[in-house]
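Chemist: Those protein sequences? They're chains A and B, same order as listed.
End of the first sequence sits at 1123 in the working numbering; the numbers just go up one at a time, nothing left out.
End of the second sequence sits at 1123 in the working numbering; the numbers just go up one at a time, nothing left out.
Think of the hints as simulated: they come from the structure by calculation, not from any bench.
As the structure is a computational prediction, the values presented were derived from the model and not from experiment.
Some hints here could point you the wrong way.
Chain copies aren't distinguished; within one or between two, either way the pair holds.
Below, computed lysine to aspartate or glutamate pairings styled on EDC-like, alpha-carbon distance capped at 16 Å [as the list claims (entries may be wrong)]:
{"hint": "1", "residue 1": "K1056", "residue 2": "D1033"}
{"hint": "2", "residue 1": "K1056", "residue 2": "D1010"}
{"hint": "3", "residue 1": "K1056", "residue 2": "E1117"}
{"hint": "4", "residue 1": "K1056", "residue 2": "D1079"}
{"hint": "5", "residue 1": "K1056", "residue 2": "E993"}
There are 2 protein chains.
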Amino acid sequence: MVDQTLNCELCREAGGEIVWQDDLCRVLRVRDADYPGFCRVVWQRHVQEMSDLPGVDRRHLMSVVCAVEAALRSLLRPDKINLASLGNMVPHLHWHIIPRWHDDRHFPQPIWASPQRPASTPRADARDAALHDAIVQALAEEHGGEL
Amino acid sequence: MVDQTLNCELCREAGGEIVWQDDLCRVLRVRDADYPGFCRVVWQRHVQEMSDLPGVDRRHLMSVVCAVEAALRSLLRPDKINLASLGNMVPHLHWHIIPRWHDDRHFPQPIWASPQRPASTPRADARDAALHDAIVQALAEEHGGEL
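Build out the structure end to end from the sequences listed, making use of the hints.
Modeler: In structure tokens:
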């Protein structure tokens, strides 16, 4: 049995600047001039697919992904949010949360497609502290609204 | 107030062959010779983003997305699953569930990137009835395991 975690970069290192985390997952900022607000949510333990997680863990992960989405929408007011869990290169469960604008570099294509224009219109990014606080607030609102 | 549903193709029509549905969402097959098993899960009502749904609806939608993932894994044994909710062209909440293989047309890139090779190795697709039954079974296992 090969220990997959030995060669996994998301097991060895954080994978970016952590803006929020708990025992189960961490929220990283992705610094990309074309995509202010771009975040990743990484499951702390090495699993490959969403369906490898028990339901309770999947729901926790998606509640964090959606809290990041809500936080980015409230802070940056993008035209659209893109969510994706791919993991073809790094098969350790993680989600991309990408604010999109009609005039960004690839719109309306996914950010992995050929660019549609030379560069995105420069936009202010959210400060780390503001993003952290907005994630905490979104998680509290979700849990407060359902308990 | 503009009625967004008038111009929305996923409000006007199913958007593909329905393999399973309930009152809240439908599972469509995407016929793509490079990507056997490719499915979409479409929210029946017009909303744009995951965070526009109340938590209970988000959880339902993700339980169906993950049931489709589990069904495709058991039927087709892909090397990886890709999940994405983009909606840049059709901003009506829907998920792509895409089985991936190491020798498919775009691997390890997302399917929206430039192809890595001329075509995928031909593979058998899942029959509609088998996919339907595997989705029903995956949903039953999820709910049975948690009630």
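Chemist: Look at each hint and say if it fits the structure.
Modeler: Hints, one by one, checked against the model:
For the homomeric pair K1056 and D1033, neither the shortest alpha-carbon distance inside one copy (26 Å) nor that between copies (20 Å) is at most 16 Å. In this assembly of identical chains, the alpha carbons of K1056 and D1010 lie at most 16 Å apart only when taken from the same copy (14 Å versus 28 Å across copies). Taking CA atoms no more than 16 Å apart as the test, K1056 paired with E1117 passes in neither setting, with 22 Å inside one copy and 34 Å between copies. In this assembly of identical chains, K1056 and D1079 lie within 16 Å of each other by CA distance solely inside one copy; the values are 11 Å within and 32 Å between copies.
For the identical chains of this complex, K1056 and E993 are neighbours neither inside a copy (24 Å) nor across copies (27 Å), given an alpha-carbon limit of 16 Å.
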